[in-house]
Amino acid sequence: MKRMLLLLLILPLAFAQWEATAGLAIMTSVTLLAVVYMIGMGFGVNELQMMAKEELFQVIAVMLMLVLLVGSDNILNVITTNVAFKGTSTNMQGAALEILTDMRNQVETVFNTLRDVDHQVALQASKGGSCNVLQVGYSMSGCGGFSMLPTPLSMAGNIAGFALGELSAMIRLVQICQNYSMQFLLPLGIVLRTFKLTRGAGGFLIALAISLYLLVPMGVIFNEMMALTFLKAGTAADTSAELKPLVKMYGETTASPPVEECNELDAPGIMGNLMAGAGAVDCPASTTLADLGNIGAFVPGLGGLDSNDAKATATYCMLRAYTRGYLYLMLIRATLGPVIALLMMSAGIRTLTSIAGAEVDVSAISRFV
Amino acid sequence: MAHQGRMGGLVPKAAVLLLLMCAVSSADTIMCNGKYNLFAGTILPLVAGATAVTIVLIAGSFMFGTATSNPKLTLWAKTEIVQLIISLAAISIIMLAVTTFCNLDMKEVADIFGLSGTHPSMNVYDAAKDYLNGAAQYSHNALRMVRYHLEGYTVLSYLNAFMCDFKLGRIGLGCLFGYSGNTEQPFGGYGADIAALNIFFNGMIMAHFTALNFLFILLFIYKGFVFLFLPLGIFLRSLPYMRPVGSALIAIALSFLTIYPFTLAVFNLMGDTLLDRATGYAPAGVNMDKYDESVFPDSANAGSQMGISIGGESVAKCAYFGNDKGVCIAAAVAADFAAAGLLGGLDSSFFDEVENPAGAIMFSAYAFIAAVFFPTAALLASLASVSYMARMMGEEIDLSRITQLV
Numbered sequence: 000m001k002r003m004l005l006l007l008l009i010l011p012l013a014f015a016q017w018e019a020t021a022g023l024a025i026m027t028s029v030t031l032l033a034v035v036y037m038i039g040m041g042f043g044v045n046e047l048q049m050m051a052k053e054e055l056f057q058v059i060a061v062m063l064m065l066v067l068l069v070g071s072d073n074i075l076n077v078i079t080t081n082v083a084f085k086g087t088s089t090n091m092q093g094a095a096l097e098i099l100t101d102m103r104n105q106v107e108t109v110f111n112t113l114r115d116v117d118h119q120v121a122l123q124a125s126k127g128g129s130c131n132v133l134q135v136g137y138s139m140s141g142c143g144g145f146s147m148l149p150t151p152l153s154m155a156g157n158i159a160g161f162a163l164g165e166l167s168a169m170i171r172l173v174q175i176c177q178n179y180s181m182q183f184l185l186p187l188g189i190v191l192r193t194f195k196l197t198r199g200a201g202g203f204l205i206a207l208a209i210s211l212y213l214l215v216p217m218g219v220i221f222n223e224m225m226a227l228t229f230l231k232a233g234t235a236a237d238t239s240a241e242l243k244p245l246v247k248m249y250g251e252t253t254a255s256p257p258v259e260e261c262n263e264l265d266a267p268g269i270m271g272n273l274m275a276g277a278g279a280v281d282c283p284a285s286t287t288l289a290d291l292g293n294i295g296a297f298v299p300g301l302g303g304l305d306s307n308d309a310k311a312t313a314t315y316c317m318l319r320a321y322t323r324g325y326l327y328l329m330l331i332r333a334t335l336g337p338v339i340a341l342l343m344m345s346a347g348i349r350t351l352t353s354i355a356g357a358e359v360d361v362s363a364i365s366r367f368v
Numbered sequence: 000m001a002h003q004g005r006m007g008g009l010v011p012k013a014a015v016l017l018l019l020m021c022a023v024s025s026a027d028t029i030m031c032n033g034k035y036n037l038f039a040g041t042i043l044p045l046v047a048g049a050t051a052v053t054i055v056l057i058a059g060s061f062m063f064g065t066a067t068s069n070p071k072l073t074l075w076a077k078t079e080i081v082q083l084i085i086s087l088a089a090i091s092i093i094m095l096a097v098t099t100f101c102n103l104d105m106k107e108v109a110d111i112f113g114l115s116g117t118h119p120s121m122n123v124y125d126a127a128k129d130y131l132n133g134a135a136q137y138s139h140n141a142l143r144m145v146r147y148h149l150e151g152y153t154v155l156s157y158l159n160a161f162m163c164d165f166k167l168g169r170i171g172l173g174c175l176f177g178y179s180g181n182t183e184q185p186f187g188g189y190g191a192d193i194a195a196l197n198i199f200f201n202g203m204i205m206a207h208f209t210a211l212n213f214l215f216i217l218l219f220i221y222k223g224f225v226f227l228f229l230p231l232g233i234f235l236r237s238l239p240y241m242r243p244v245g246s247a248l249i250a251i252a253l254s255f256l257t258i259y260p261f262t263l264a265v266f267n268l269m270g271d272t273l274l275d276r277a278t279g280y281a282p283a284g285v286n287m288d289k290y291d292e293s294v295f296p297d298s299a300n301a302g303s304q305m306g307i308s309i310g311g312e313s314v315a316k317c318a319y320f321g322n323d324k325g326v327c328i329a330a331a332v333a334a335d336f337a338a339a340g341l342l343g344g345l346d347s348s349f350f351d352e353v354e355n356p357a358g359a360i361m362f363s364a365y366a367f368i369a370a371v372f373f374p375t376a377a378l379l380a381s382l383a384s385v386s387y388m389a390r391m392m393g394e395e396i397d398l399s400r401i402t403q404l405v
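Going down the list, the protein sequences come from chains Z and V.
Numbering that gives the first Met the number 0 puts the first residue of the first sequence at 0, with every later residue one more than the last.
Numbering that gives the first Met the number 0 puts the first residue of the second sequence at 0, with every later residue one more than the last.
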């Protein structure tokens with residue numbers, strides 16, 4: 000008992016900020032249990048006394064969990080903030096927020112670029128011409144070659160929008176973890192867990208707080224670590240040829256790819272190329288935007304950007320190469336990373352609630368992923 | 000003798016129970032602020048009635064068992080009287096919790112934990128309702144912003160222009176003797192925007208309905224749940240083979256009347272971040288006054304509709320996305336007629352306060368967290384509590400399947 004009192008006394012000294020609040024919550028719990036014990040003693044109800052003793056062990060269990068949490072938090076902070084991130088955060092929650100915000104800015108730029116390209120391409124694709132004098136004439140869509148592009152661009156917009164939404168949701172979760180997890184949810188959970196009737200809810204709040212505070216930022220940061228490793232591997236000399244274009248395009252996605260102006264009545268251009276037997280067109284293996292700007296000049300069989308089909312094909316080749324640069328950002332960093340972090344959080348909630356004495360089936364939350 | 004000892008131990012328990020029951024007298028309203036007192040006026044008489052019927056049943060069984068010297072019946076009666084006391088204890092705890100929650104000011108809770116921001120002074124039940132009302136409003140605002148963009152983009156993408164040959168400004172001489180010129184869709188390229196926004200439009204409908212669903216569950220708990228579950232729980236717990244059902248009903252009532260509102264009230268204290276309450280239930284920089292719900296921007300004025308319809312592509316865009324529609328339209332008319340081609344030259348500064356598809360997507364993501372993720376977490380906490388409380392009453396109940404309703 001003396002050891003316990005000593006531990007209780009030194010507990011607030013060992014912590015700072017949220018840890019102090021958690022320490023106060025534990026002291027509150029112990030005080031409440033003491034009141035219950037005294038009532039039991041006063042009324043001669045042995046069951047109440049026994050319950051108070053039993054609950055005290057639960058409080059001790061929570062204290063051990065807290066000590067473990069503080070230790071884990073410190074270790075993870077050291078690991079995650081020592082990595083060469085460009086951010087200036089001193090803890091992993093801040094680092095995760097910086098990573099997510101940076102990633103969201105990139106995705107937003109890509110999304111806006113896609114919108115811009117979509118506007119240009121669809122405008123070209125919609126062009127048609129009519130020549131009609133005294134009810135005699137013809138109409139034609141000389142820019143029909145561009146109409147193959149809006150559909151994949153819609154799909155790309157769909158994916159970019161989804162990534163943007165996913166990152167925004169993650170940012171909101173990390174903001175909540177920064178502002179409320181430890182300062183509010185954890186102490187409240189500790190107090191609620193003191194009583195048998197509210198132990199389930201208390202355990203859930205503790206699990207939610209710890210999962211939000213530790214596992215969500217950890218998932219984001221570890222995924223970013225893997226992403227950086229992948230990028231470094233991609234630029235190394237021994238990397239396979241298939242990987243290099245993806246990596247090389249990464250970071251070059253800020254400028255809008257150019258879309259050539261189409262002439263809606265350019266029938267001679269179309270016919271000329273067909274009659275010349277231009278045959279199959281192979282997109283070049285070029286991967287830089289500078290090359291893509293002149294893509295029409297060296298696409299085999301097009302002979303420059305004189306005709307509409309040359310322009311449409313050049314735009315297709317350019318977008319094909321250009322969108323490869325998005326894939327890594329969209330699919331790995333912006334989509335897979337948050338999914339891993341969310342799965343870690345839901346698994347953490349399940350495990351921690353189980354430890355806290357009331358297992359919660361988090362399949363409903365996992366289904367959001 | 001052992002049995003007498005056990006019954007003797009019940010006397011102090013009953014004393015504690017009475018103390019708890021005394022606290023109920025200060026529970027003055029239906030969930031604190033209603034027009035009539037559901038607990039005192041409806042629930043308590045029903046609970047008392049169910050208790051009386053159960054006592055009569057048990058007493059009758061005891062007397063019949065004594066008269067017929069049937070030890071099974073008398074033993075059953077003695078066991079059931081203990082269970083009845085346990086049920087009443089559970090109900091007294093509910094009432095104690097209701098009283099406490101009615102008197103607990105969440106603003107003071109926020110002050111205790113040193114939470115920054117504005118926190119309205121209200122009790123737990125009102126705070127829970129306030130959170131779900133806020134979540135519904137927040138998700139509706141997100142829905143409104145997404146819908147507005149979708150409508151604008153859909154209308155604009157169907158806009159066709161025919162530019163006659165031999166142009167003199169916007170007028171083309173090529174159409175004087177026939178139909179010669181070029182056709183274009185100046186805003187045909189909103190496919191990527193529409194595809195992205197469609198997902199979030201569907202998501203926001205689900206989020207808004209989910210928030211309303213949770214709100215209805217809360218109101219049902221406030222106004223009808225305990226009315227049925229508590230008296231029925233007491234009665235069923237005393238019937239042979241029906242104890243698990245009775246226990247489940249009491250555990251559900253206890254959890255949903257205490258844990259569910261309390262968890263939501265806790266989330267309400269996080270409303271400044273979760274619901275952007277400080278900026279009018281919309282993220283900073285989003286002005287909801289710019290996104291009205293009329294199908295056409297100026298649906299009341301036929302002349303305006305006609306003017307917008309024939310005014311040209313920039314005028315149409317201004318009608319939906321102009322920061323200041325009057326200024327934008329005036330500039331658009333001048334720019335369109337000055338330019339020989341389409342899209343005469345209004346830059347994004349005329350639209351940037353309203354046209355914000357990326358902002359709409361971000362807003363939707365925030366709304367999903369506020370209206371689906373956290374209320375579901377409150378439901379999960381309540382279900383965890385149901386399992387725990389049912390276990391305390393000696394039953395194993397798994398209600399995790401109910402989350403599939405989410």
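Rather than coming from a laboratory, the hints here were simulated on the basis of the structure.
All C-beta atoms in this analysis are idealised placements derived from N, C-alpha and C, irrespective of residue type, glycine included.
Among the clues, some could well be false.
[Stated by the list, open to error] Here are some, though not all, of the chain V residues that point toward chain Z, as calculated from beta-carbon distances under 7 angstroms:
{"hint": "1", "residue": "F176"}
{"hint": "2", "residue": "G177"}
{"hint": "3", "residue": "Y178"}
{"hint": "4", "residue": "D192"}
{"hint": "5", "residue": "I258"}
{"hint": "6", "residue": "T272"}
{"hint": "7", "residue": "N355"}
{"hint": "8", "residue": "A357"}
{"hint": "9", "residue": "G358"}
{"hint": "10", "residue": "Y365"}
{"hint": "11", "residue": "I368"}
{"hint": "12", "residue": "A383"}
Taking the least C-beta to C-beta distance, is I258 (chain V) closer than 7 angstroms to chain Z? holds, 4 angstroms
Less than 7 angstroms between beta-carbons is the criterion; does T272 (chain V) satisfy it with respect to chain Z? At 5 angstroms from the nearest chain Z Cβ, T272 (chain V) passes the 7 angstroms test, so the hint holds.
Hint D192 (chain V) vs chain Z: min CB-CB distance below 7 angstroms? Holds, because the Cβ-Cβ distance from D192 (chain V) to chain Z comes to roughly 6 angstroms (cut-off 7 angstroms).
May I ask you to test the interface hint for Y178 (chain V) with respect to chain Z, counting a Cβ-Cβ separation under 7 angstroms as satisfied? holds, 4 angstroms
Holds or violated: G358 (chain V) as interface residue toward chain Z, Cβ cutoff 7 angstroms? violated, 9 angstroms
A357 (chain V) as chain Z interface residue, shortest Cβ-Cβ below 7 angstroms: Holds. Min distance 5 angstroms.
Satisfaction of the F176 (chain V) interface hint, Cβ to chain Z closer than 7 angstroms: Holds: closest Cβ of chain Z sits about 6 angstroms from F176 (chain V), inside 7 angstroms.
If you take the shortest Cβ to Cβ gap from I368 (chain V) to chain Z, is it below 7 angstroms? holds, 5 angstroms
N355 (chain V) was flagged as interface toward chain Z. Is the shortest Cβ-Cβ separation under 7 angstroms? For N355 (chain V), the interface hint is violated, since the closest Cβ of chain Z sits about 11 angstroms away, which is over 7 angstroms.
Given hint Y365 (chain V) near chain Z, where the shortest CB pair must fall under 7 angstroms: holds, 5 angstroms
Go through the hint on A383 (chain V) and say holds or violated, using the shortest Cβ distance to chain Z against 7 angstroms. Constraint on A383 (chain V) satisfied, holds at 4 angstroms.
Under 7 angstroms is the threshold here; is the Cβ of G177 (chain V) close enough to any Cβ of chain Z for the hint to stand? holds, 4 angstroms
Violated hints, in rising order: 7 and 9; the structure is consistent with all others.
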